[in-house]
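Q: Sequences are here, hints too, so could you generate the full structure?
Listed below, chain by chain, are the residues.
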Amino acid sequence: AQSVTQLGSHVSVSEGALVLLRCNYSSSVPPYLFWYVQYPNQGLQLLLKYTTGATLVKGINGFEAEFKKSETSFHLTKPSAHMSDAAEYFCAVTTYNNNDMRFGAGTRLTVKP
Amino acid sequence: DSGVTQTPKHLITATGQRVTLRCSPRSGDLSVYWYQQSLDQGLQFLIQYYNGEERAKGNILERFSAQQFPDLHSELNLSSLELGDSALYFCASSTKQGASTEAFFGQGTRLTVV
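One line per chain: the protein sequences are A and B, in this order.
With the working numbering applied, the first sequence corresponds to residues 1 to 113, in that order.
With the working numbering applied, the second sequence corresponds to residues 1 to 114, in that order.
In case anyone wonders, no lab produced these hints; they're calculated from the structure.
Even glycine gets a Cβ: it sits at the ideal position worked out from N, Cα and C.
Don't take each hint at face value.
Simulated restraints, written as ranges between beta carbons of each label pair [said to hold, decoys possible]: (1) A:L7 x B:N59: 17 to 25 angstroms; (2) B:E75 x A:A54: 36 to 44 angstroms; (3) A:S70 x B:R22: 31 to 39 angstroms; (4) B:R55 x A:K112: 38 to 46 angstroms; (5) B:K9 x A:S3: 29 to 37 angstroms; (6) A:S70 x B:T112: 43 to 51 angstroms; (7) B:V114 x A:A105: 21 to 29 angstroms; (8) A:N41 x B:D40: 16 to 24 angstroms; (9) A:N97 x B:R22: 27 to 35 angstroms; (10) B:V114 x A:S28: 37 to 45 angstroms; (11) B:R22 x A:G16: 41 to 49 angstroms.
A: Here it is in structure tokens:
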């Protein structure tokens, strides 16, 4: 079955600095990849997704991610962190023939003033 | 607001008891997913229904069961509860059965077993 690994359970950046959250996937068939964000006491909200086509995907709130098949990665980036970006971020994977969406363990992002 | 409604928001119950969690999907969404989020296990996929039929099964215990009704709302039944069942239970819905479709999550039901 497909799976994802998020490197780093906690990431701390200064306001205005680059945000980089890492995600590597494992799948025997072409994956569909997602990044979700979870704010305290809320459900998950989709930031962006990759299914097919352009490998650089832009999402909400200035986030983007690039699908790199050779590296089996789907890292999430944002050029300039904002205080409101502090949350938990989840990478997820599924495939065209499998409705079982597998999530990573999550990365908690802290933004320092 | 994702449009997915989960009730109740909080539930406290004793070991050995049975509870039912309810989910109303977004209007028009045929697919409902259930997830369990706990500190030690992370976010675990439990089960998916599409238009009333079970479509995929994940790490769902035999003590747990779910169903989707004709009006498309879904219920997750948890029985013989144990302390380890304490977690946040999320419901998500999507329009299609397909895996590439975005899933919209509810705010979750926090279950505490004492």
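Q: Work down the list of hints and note, for each, if the structure agrees.
A: How the hints compare with the structure:
1. A beta carbon spacing of about 23 angstroms between A:L7 and B:N59 agrees with the range 17 to 25 angstroms that was offered as a hint.
2. Taking 36 to 44 angstroms as the suggested C-beta distance range, the pair B:E75 and A:A54 conforms, at roughly 40 angstroms.
3. The given range of 31 to 39 angstroms is broken by A:S70 and B:R22, whose C-beta atoms sit roughly 45 angstroms from each other.
4. Taken as a hint, the range 38 to 46 angstroms holds for the pair B:R55 and A:K112, whose Cβ atoms sit roughly 44 angstroms apart.
5. The beta-carbon spacing between B:K9 and A:S3, approximately 31 angstroms, falls within the hinted interval of 29 to 37 angstroms.
6. At about 45 angstroms, the beta-carbon gap between A:S70 and B:T112 stays in the expected band of 43 to 51 angstroms.
7. Judged by the Cβ atoms, the range 21 to 29 angstroms given for B:V114 and A:A105 holds: they are separated by roughly 27 angstroms.
8. Checked against the hint of 16 to 24 angstroms, the C-beta distance between A:N41 and B:D40 comes to roughly 20 angstroms, which is consistent with it.
9. Taken as a hint, the range 27 to 35 angstroms holds for the pair A:N97 and B:R22, whose Cβ atoms sit roughly 30 angstroms apart.
10. For the pair B:V114 and A:S28, the beta carbons lie near 43 angstroms from each other, so the given range of 37 to 45 angstroms is met.
11. Taking 41 to 49 angstroms as the suggested C-beta distance range, the pair B:R22 and A:G16 conforms, at roughly 43 angstroms.
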